[in-house]
Every structure is written in structure tokens, then in C-alpha cells.
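The residues making up each chain are set out below.
There are 2 protein chains.
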Amino acid sequence: MANVFEFEASIPLSDKKHDVLTVGELLIDMMTTEYDDSDTCDTYQKLFGGSPSNIALNVKKLGITPLVASAVGDDGLGRFLVDQLQQAGIATDLIQCVDDSTSMVVVTKSVATPIPIFYRGADYQLAYTSGLEEAIINSKIVHFSCWPISRVPSRDTIESVIDTVRKHGGLIGFDPNYHPMIWQKGENGIDYVKSIFGKVDIVKPSEDDAERLLGKAEPERYLDYFLELGAKLVILTLGKDGALVSNGKETLAFNSLATQVVDTTGAGDAFWSGFYAALVKGYLLKEALSLGFAVSAYKLKYTGAIVDLPHLEFIKEKYGL
Amino acid sequence: MANVFEFEASIPLSDKKHDVLTVGELLIDMMTTEYDDSDTCDTYQKLFGGSPSNIALNVKKLGITPLVASAVGDDGLGRFLVDQLQQAGIATDLIQCVDDSTSMVVVTKSVATPIPIFYRGADYQLAYTSGLEEAIINSKIVHFSCWPISRVPSRDTIESVIDTVRKHGGLIGFDPNYHPMIWQKGENGIDYVKSIFGKVDIVKPSEDDAERLLGKAEPERYLDYFLELGAKLVILTLGKDGALVSNGKETLAFNSLATQVVDTTGAGDAFWSGFYAALVKGYLLKEALSLGFAVSAYKLKYTGAIVDLPHLEFIKEKYGL
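So the protein lines, in turn, are chains D and V.
Under the UniProt record's numbering, read the first sequence as residues 1 to 321, first letter to last.
Under the UniProt record's numbering, read the second sequence as residues 1 to 321, first letter to last.
For reference, chain D alone in the conformation it holds in the complex (with noise of 0.2 Å):
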């Protein structure tokens, strides 16, 4: 990898067999069917979720090739995951089935900021195996969230993750969802989040990420850090206001493209997959992230993490790219 990710060129990518290989959480989102600001509502829909799955989804539909390593309960809720993969063309040879339940985040619609309730099972279980390792080398883009560092076993599994992707050259993004609901208890994951930074390229926290882990700054304060973290290209979302990214040496701002905003969730995700989507097919760093924006604010427009996207070139022209 160069020591810095020019704007104005495309990051090169190895020539290799997958595209992305998502690593970590694959979980059911068993949300509210109806808005609930008072722990009223009843029923739930059980939903595919899990943000690096997510991403899987959406970059298949973008046009190029995911593979998704995450670890499920041998029960239905795991079943329906797979299927639910299977269903859209994606590989399911690296979900290992073990021996816990199916992880679940249990979430309530609200117009307020719903506090969602985890449960956290078969996800963590994730181990270090010669079939992800293959996946590994075999992938351009290597991407994981807060999720599997958070607790050990799967801790160690990125950790190997890691170290096969330096060894053998790819592209690391990591999203520092940092939230201590999700952290094992009685260690201070902040710490732990902190060290990642310098182990992986492109990080993509939100404003209220780099709070969790830095504390209330001015967002040009969040970049500096990052990038002192060790990260070498910093996305740092800023919700309406758009974004600031910073590759260490210049700093650009982009607008958010979103015209109507019907459902925040999975917007971020859905960067991830434009931006990946465009790494892949070789656009400038500055276009792609240009097409991750666009791709975050085609999902705005819709409800639910997982939307029907279009093909990546199809939502570049529609937002005159």
C-alpha cells in the first residue's frame, strides 16, 4: 500500500478473486412493527442485519463480488440468515455454524434515538480457520466493524485476520462503531478500539463514534487524531453536514447528497458498499467517495438497512457523477 491515498488517483488493488470480504456480525434485528416510544408495541419483524452482512448485500447489488465471514447458531434464526445470503448469490462456505444461539439485536422504530438491546451469541464465536484464510489473500478489500474485536474469541480471529491481510497485501476498512453496550465487561474497549487505527487503512467513524472514543472536539480535531491514531485515510461522517476526509496530508469536504431522508439506518453501511464498490471498479479515491455518499443517500430515501439497490454506474449517473 502507498503511504498515502491520493485523491485525485485510484487506490491500487491487487488482482485477486474476491472483491470485499466482510468479517464478523451476522445477527437478526428483530425490530418493532410499528413505532413505539413507550414499550407498548408487540410484535417484531425478524430482519437480516449485521452492518459488514449488510454490506455484503448492498456491494453484490452494486455489481461486484462479496464473501461473508461471520459465525451463526445451529438453529433457526441462523438458518434464516444463510438462506437469506444464499437467496442473493452470495457464497456461504466461511458461516461457521457453532455452538451458541444466533445473535440478535432486539430494536424498537422510534422517532427518537432507539436504545436497541443485545444479544450477543454465536457472532463472537467466529474462529480463525484455513478456509478464512484462503478468502483472506483470495480478497481485494477486508472489512470489519467494532463488533468481533469486542469480545474474544473472535478478538483473536481479527487480530489473525490482520495480520494475514499485511502479509499477503489488500485493503483494510475498519468502522469504529464504538459503543460499550456491546463491549465485554470490565475492560475498557476505548483503549482497545484506539490500537486498531494503525493497523488497518481507511477508518470511517461518525461524529458520535469519535465522541464515544475521544471525547466532545471540533471535527478537524477528530481527523488529527485519527490520523495520529495511525489511520491512514480518515472518513469522518457528519450526518446532514456531510463529511470530512482526510488522507494526512489534505483535507476535503464533501456535501451530503441526500434530498429526502425517509430512514437513517444503514446509511452508513451503504457508503461502505458505494465506496468499496467504486474502489473495485477502479475509480478516483475522490470519486469513490463521491459515489459512497450517493449510494448512502439513494438508501436515505428508503426505509429498512437493506434497500433494493441498482447497479453502481445506474446511481452514479441519476446523481450526475
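Take the hints with a grain of salt, since some may be wrong.
The list makes no distinction among identical chains, and a pair is therefore deemed to hold if it is satisfied within one copy or across any two copies.
[Claimed, not checked] Below, computed lysine to any residue pairings styled on SDA-like, alpha-carbon distance capped at 25 Å: (1) Lys-109 <-> Thr-40; (2) Lys-281 <-> Thr-251; (3) Lys-185 <-> Gln-125; (4) Lys-109 <-> Cys-41; (5) Lys-194 <-> Lys-318; (6) Lys-216 <-> Thr-264; (7) Lys-199 <-> Asn-138; (8) Lys-286 <-> Ser-14; (9) Lys-109 <-> Cys-97; (10) Lys-16 <-> Arg-212; (11) Lys-109 <-> Asp-42; (12) Lys-61 <-> Asp-42; (13) Lys-109 <-> Thr-33; (14) Lys-185 <-> Asp-99; (15) Lys-185 <-> Phe-118; (16) Lys-286 <-> Ala-9.
Since the hints were made in silico from the structure, they are not lab data.
Just so you know, these numbers come straight off a predicted model, no measurement behind them.
Dock chain V against chain D, hints included.
Quick look at chain V alone, frame taken from chain D:
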């Protein structure tokens, strides 16, 4: 307590403030809204659950005074459960709010035997508190199942509960509903469950429970074995074939009183409820057992673990007891 519980006598209970104290799982049953044998139903309903908590709701309706000691999370599901108890007029002072997600069981309505998916969280964080100790001292009957003893720290809590009952007098009912899926990994739960029989008074294994604990055998052999383990009264339920009950001196056979079986969920809890209510109301042991089976038969006519039970005397009359 007497050495033998005579069928033709009532069990003498001290004059205490609370009739039945249930200690253990208070949780959400997340159940598919449709019958489903192929994981295709996507909608679920959240229901009040946890066997001891169901017993508490039931006995309140039957006309005696319950108290519930449980642990829930500081989340919407925990608030829902506490609210349900309060609506039923049951004191919730002994519900502990702990730093873990409210426990949940995901269940598929099925004509075959449904395979539940367990999410243990808050329930096994139940601590032994001075409030709990006071409640134990002031309760005629204390009831628990295999859930709290399946994991630490709630196992330690139950051991203290048993010690306190033994010191201050009181009857202990234990539901040996052993299942390897709820047990903590890497431990042979069977030996531990067996060790509990000698520390309690009344146990009600189903034939399935007995087989899981002792292997396949004739019902009479199960009775002997549970008595040898130290139980004073063994109520072995045999589904449609009724039950065998032994006090170590004699064994009585009870026919099922069911006239119509719509849903078996919660039938065992309904038995415990009717049985405890009758013991508290001073019926002879033999009558109390019959009343337990009558309440169970009444419940079997309706769907769900919790049904709108009438007063015990109404059921007594209805079943000609």
C-alpha cells in the same frame, strides 16, 4: 417438615405473610405469530415468560399471594415484564435491575416439538439480597427451576435461598426441568441437578426431564431414583397418561383430567399453581394434587402459557372435586 408427606393429610405450613415466593427466570418469550416448521414466519410476539413467573401470575388468579424474585435488564423488555406483574397486582420490590439484557427465549409455534433458542442475560445475574432473605423468611413456599442453578452467580443465590428456608422453615418446590441447552458450557449439569433433590421437598419431573437426567427407564424406576436422591415427594407427570406420585411410602396414580387439549404450553406451571394454591388453602395432599391436575386440565383448553384462570374453588367445582 414431616419426614413423610401423608396423602391423607395436609402439609403443615407456617403462618407467614407471603404464600409462594418464586425465585428465578422472568423473561420474554418471543414467539412466532404463525405456526411454522420451516423458519419462514418473520413476525413474532413478545410474551411474558419464565416458568416461576408464570406460576406467580397463576396463583394470584387462583386466590393466594405470590412474590417474585428475579433479575431483568434496564431495557424496554425488562420494563414490560415488571409492568405486567404490577398490572396483575404482584409486588415487584424483589425484581432486580441488572447490567445485562433481559433474558429471552425465541420460540417457533409448531405442531412438532419446537426447538427454542435461548438468550440468557439478566436472569442469571440474580443476587442474594437482604430483601430476598426477608421475603424467604416470610414465605410459606419457595419455588425454583433449573434455570437459576444452571449458571453462576444465580446458582450461589439459590444455594443461599435453600439454606435460609432450611433455617427458618418453609416448603421448597423444585422443577427439575433440566435441559443441556440452558446449562453453562463445559459442565455436566446432570450431577448438579441430582445434588439438589436432597435439599428440597417436592419435585415435579416430567418423563422427558427424567429421561434427560437418568436415561430411559420405566416410570416406577424414576420414582425410586428420585426418592433415593432425597426428594420427599416426587410428582412424575406422564402427559396424557396422568401422573405417578410417591411420598416414599406409597405411590398414587392420577389420571389426566384433560377433556380438550388445545395447547400444552404452560400445563406444568398450571399444575404447580393449582397444587400450591390448594396446599396454602389447607387441602389434603391428595386433594391438592387433584386440584393441581384440574388447573392443568383447565389451562390445556386455551392457547398460551398464561390463561385467564378463575379462582381455585371455581375449578374445584367445575371438575367435581
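Point to revise | Hint numbers not upheld by this structure, sorted from lowest to highest | key: 5 and 10
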